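Chemist: Please model the complete structure; the sequences and the hints are all you need to start from.
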Amino acid sequence: MKLLFVLCLSLFLANTSFAQVYVDGVAIDTTNTPFCQLFCTNASGLSRARVLIDYGQRFVDNGLSRPKIAGPDKQVITFNSSIDALNFMVRQGWQLVTFKMKGDTFVYLLQWRKL
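First residue of the sequence shown: 77, per the working numbering; consecutive thereafter.
Quick caveat, the hints were computed from the structure, so don't treat them as lab data. Be aware that a few hints might be false.
[What the hints assert, rightly or not] Derived pair list, reagent style EDC-like, types lysine to aspartate or glutamate, alpha-carbon separation capped at 16 Å:
| no. | residue 1 | residue 2 |
| --- | --- | --- |
| 1 | K150 | D105 |
| 2 | K150 | D100 |
| 3 | K144 | D130 |
| 4 | K144 | D180 |
[As the list claims (entries may be wrong)] If you anchor each label on the Cβ, the simulated ranges turn out as follows:
| no. | residue 1 | residue 2 | range |
| --- | --- | --- | --- |
| 5 | K144 | S120 | 32 to 42 Å |
| 6 | Q187 | L122 | 15 to 25 Å |
| 7 | R124 | F175 | 13 to 23 Å |
| 8 | R189 | Q133 | 30 to 40 Å |
| 9 | L122 | R189 | 14 to 24 Å |
| 10 | A119 | F175 | 26 to 36 Å |
| 11 | R189 | I159 | 11 to 21 Å |
| 12 | R189 | G121 | 30 to 40 Å |
| 13 | K150 | Q113 | 34 to 44 Å |
Quick caveat: nothing in here was measured; it's all calculated off a predicted structure. Quick reminder that beta carbons are idealized off the backbone N, C-alpha and C, glycines included.
Modeler: In structure tokens:
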């Protein structure tokens, strides 16, 4: 009986901790955010891709400090390309609704999947 309880509890905890994307320390999937936009500029030369997630937060892009994106372990993530960032978001429980190009930037509209 105790084993069954531990098994059920661990499955519940694994399911609830499935998708956590942090933007500057805020878990965006717990902010009642059904949509977000992912802005991605691909890497050029020796630099990495520049990625910004807009979930409705107040943000001024001064180019000096961008919001940090972290995964479930709260470790800051750097992305190699826009597809790398998009794949990360899909693995975290978001699905692609539409996308567009704005200059050299990909703008992806993502929707939170209901689990």
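Chemist: State for each hint whether it applies.
Modeler: Now for the hints, and whether the structure bears them out:
This hinted pair checks out: K150 and D105 have alpha carbons roughly 14 Å apart, not beyond 16 Å. Straight-line distance between C-alpha atoms of K150 and D100 comes to about 10 Å, which keeps the hinted pair within the 16 Å bound. Under the criterion of a C-alpha separation no larger than 16 Å, the hint pairing K144 with D130 is consistent with the structure, at around 12 Å. In summary, the hint linking K144 to D180 is not supported, as the alpha carbons are separated by about 21 Å, beyond the 16 Å threshold.
Here the CB-CB span from K144 to S120 is close to 21 Å, at odds with the stated 32 to 42 Å. Against the hinted window of 15 to 25 Å, the Cβ-Cβ separation of Q187 and L122 comes to about 34 Å, which falls outside the hint. Range check, R124 to F175: Cβ separation about 20 Å, and the 13 to 23 Å hint holds. A C-beta distance of roughly 21 Å is found between R189 and Q133, which places it outside the suggested range of 30 to 40 Å.
Taking the beta carbon of each, L122 and R189 are about 35 Å apart, not inside 14 to 24 Å as hinted. For A119 and F175, the hinted distance range of 26 to 36 Å is not satisfied, since their beta carbons lie about 18 Å from each other. Take R189 and I159: their Cβ atoms lie about 19 Å apart, and the range 11 to 21 Å holds. A C-beta distance of roughly 35 Å is found between R189 and G121, which places it inside the suggested range of 30 to 40 Å.
Between K150 and Q113, the C-beta spacing of about 22 Å breaks the proposed range 34 to 44 Å.
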